[in-house]
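Going down the list, the sequences are from chains A and B. Here the first sequence is numbered in this note's numbering, starting from 1 and rising by one per residue. Here the second sequence is numbered in this note's numbering, starting from 1 and rising by one per residue.
No lab work stands behind these hints, which were simulated from the structure alone. You may find that some hints are simply not true.
[Claimed, not checked] Using C-beta positions, here's what the derived DEER-type ranges look like: (1) A:N149 with B:G227: 18 to 28 angstroms; (2) B:T64 with A:P14: 17 to 27 angstroms; (3) B:R112 with A:R67: 18 to 28 angstroms; (4) A:P14 with B:R24: 57 to 67 angstroms; (5) A:R139 with B:S61: 44 to 54 angstroms; (6) A:Q119 with B:A222: 24 to 34 angstroms; (7) A:S89 with B:E108: 43 to 53 angstroms; (8) B:T64 with A:S100: 40 to 50 angstroms; (9) B:G227 with A:R98: 20 to 30 angstroms; (10) B:A215 with A:A81: 49 to 59 angstroms; (11) A:R67 with B:R113: 11 to 21 angstroms; (12) B:P162 with A:D142: 42 to 52 angstroms.
Keep in mind the model is a prediction, meaning the values are calculated, not measured. For every residue, glycine included, the Cβ atom is placed at its ideal position computed from N, Cα and C.
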Amino acid sequence: MTQISDRGITVDLPAGWEADFYRRTAHAAPLAVGHPSEVTTTIAHFANWPLPTERGDFGGGAVELMRLDDILIVLFEYGDAERGTELFSSTTVPWPLRSSDFDANRLQRPLPGQAGLQQFFSSTSGRPFCLFVVLGSGRNADALVSQVNDVLSTISLA
Amino acid sequence: MTVLIVTLTIVVALLAILVAGLLRSHAEILRSLHELGVGEGGRATRNPALKTREGIPEPRSETTPAFDITGTKPDGSTRHVGVLGTDHTTLLAFMTTGCSTCQTFWKEFGERRELDLPGVDTRLVIVTKDLEHESESRLEKLAPRHHPIVMNSQAWDQYKIPVSPYFILIDSGKIVGEGSAGSWKQIRSLLTQAYSDSTVRTRTRRAGADREQHADHELRAAGIEPGDPSLYPTEAPEA
Numbered sequence: 001m002t003q004i005s006d007r008g009i010t011v012d013l014p015a016g017w018e019a020d021f022y023r024r025t026a027h028a029a030p031l032a033v034g035h036p037s038e039v040t041t042t043i044a045h046f047a048n049w050p051l052p053t054e055r056g057d058f059g060g061g062a063v064e065l066m067r068l069d070d071i072l073i074v075l076f077e078y079g080d081a082e083r084g085t086e087l088f089s090s091t092t093v094p095w096p097l098r099s100s101d102f103d104a105n106r107l108q109r110p111l112p113g114q115a116g117l118q119q120f121f122s123s124t125s126g127r128p129f130c131l132f133v134v135l136g137s138g139r140n141a142d143a144l145v146s147q148v149n150d151v152l153s154t155i156s157l158a
Numbered sequence: 001m002t003v004l005i006v007t008l009t010i011v012v013a014l015l016a017i018l019v020a021g022l023l024r025s026h027a028e029i030l031r032s033l034h035e036l037g038v039g040e041g042g043r044a045t046r047n048p049a050l051k052t053r054e055g056i057p058e059p060r061s062e063t064t065p066a067f068d069i070t071g072t073k074p075d076g077s078t079r080h081v082g083v084l085g086t087d088h089t090t091l092l093a094f095m096t097t098g099c100s101t102c103q104t105f106w107k108e109f110g111e112r113r114e115l116d117l118p119g120v121d122t123r124l125v126i127v128t129k130d131l132e133h134e135s136e137s138r139l140e141k142l143a144p145r146h147h148p149i150v151m152n153s154q155a156w157d158q159y160k161i162p163v164s165p166y167f168i169l170i171d172s173g174k175i176v177g178e179g180s181a182g183s184w185k186q187i188r189s190l191l192t193q194a195y196s197d198s199t200v201r202t203r204t205r206r207a208g209a210d211r212e213q214h215a216d217h218e219l220r221a222a223g224i225e226p227g228d229p230s231l232y233p234t235e236a237p238e239a
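Throw the hints in and build the complete structure from the sequences for me.
See the structure below:
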């Protein structure tokens, strides 16, 4: 396990996983899409496969490259304007996840065989987050969700 | 008679010196061969001192195991790159913004997304030193869009990098090739050869239970579990 910490997010990653933290800027995420006036804070990507440098905030440009046993976890923090809003009213982290929580229709961009999940919540300090997870194979969900939970269980949010 | 005895004595003395010299030379050769692991036992007693020609960088003085790298990106945020426990090959390119030889590699990596790297789904990761040692503006200009950069001076120390640029090829968690050169063509050739040598060794090793485990992993990845009907076809496949 390797502990990585940035911008108030700490995670312990198993061997073979990688992490990338950034804020949306033209330099950090050239393919990122969103309204120019939209304010985002921290975006963290965790994956058990090599993340391409050019990808969107929710994995666009990367999910197309995923193989059957690949996983992408996105923690997307929204701006202060979203604090306390209905969408982020849950102050309980949405993990552990169940394989039945995943569905092909919950992907931002549906791709054959893949399954996804999207959950909104706030950290105990009120930071509004979206958790977005993509599995390379929905058929292999039981094994993959177990790996996802192993990683999520180590996350702490300041 | 006296002259003959003196002459013979001198000849014998010279022959003795010659034989002693030959024995000493023979002993030196035997010792060197033993150090290289040639001969009985076949185990080298120490690493022979390796010298390269002038102008050609020497390899690392000390080998290290491979390890993951966590560092910062040019924008200051964190990037962690896993090289252990992966099923792809990783090429770590230790480069700086200042070294003149690196410029050709920065240019090559900036222009090409596909580098035809040796290995399995090989990913290039550029490792520079921290911003204290690098030019931020130059890095911003040189950083290729298609290949990740991690900045970490400690990784340079821990991998005992002797010179810039220096390349380390990691496959299945092990360093299988490394070196430095003046052009991408040269380094690619060097690493391709090293990777080919390592795969010959791996193929020989992968047998029996290891091969079975590998096959199980591949089948599971494809969603085929033990007992899956597709593993026990009752009809012959269509021609």
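Taking the hints in turn, this is what the structure says about them:
no.: 1; hint: A:N149 with B:G227: 18 to 28 angstroms; result: holds (25 angstroms)
no.: 2; hint: B:T64 with A:P14: 17 to 27 angstroms; result: holds (22 angstroms)
no.: 3; hint: B:R112 with A:R67: 18 to 28 angstroms; result: holds (23 angstroms)
no.: 4; hint: A:P14 with B:R24: 57 to 67 angstroms; result: holds (58 angstroms)
no.: 5; hint: A:R139 with B:S61: 44 to 54 angstroms; result: holds (50 angstroms)
no.: 6; hint: A:Q119 with B:A222: 24 to 34 angstroms; result: holds (28 angstroms)
no.: 7; hint: A:S89 with B:E108: 43 to 53 angstroms; result: holds (51 angstroms)
no.: 8; hint: B:T64 with A:S100: 40 to 50 angstroms; result: holds (45 angstroms)
no.: 9; hint: B:G227 with A:R98: 20 to 30 angstroms; result: holds (23 angstroms)
no.: 10; hint: B:A215 with A:A81: 49 to 59 angstroms; result: holds (53 angstroms)
no.: 11; hint: A:R67 with B:R113: 11 to 21 angstroms; result: holds (19 angstroms)
no.: 12; hint: B:P162 with A:D142: 42 to 52 angstroms; result: holds (48 angstroms)
Checked against the numbered hints above, the structure violates none of them.
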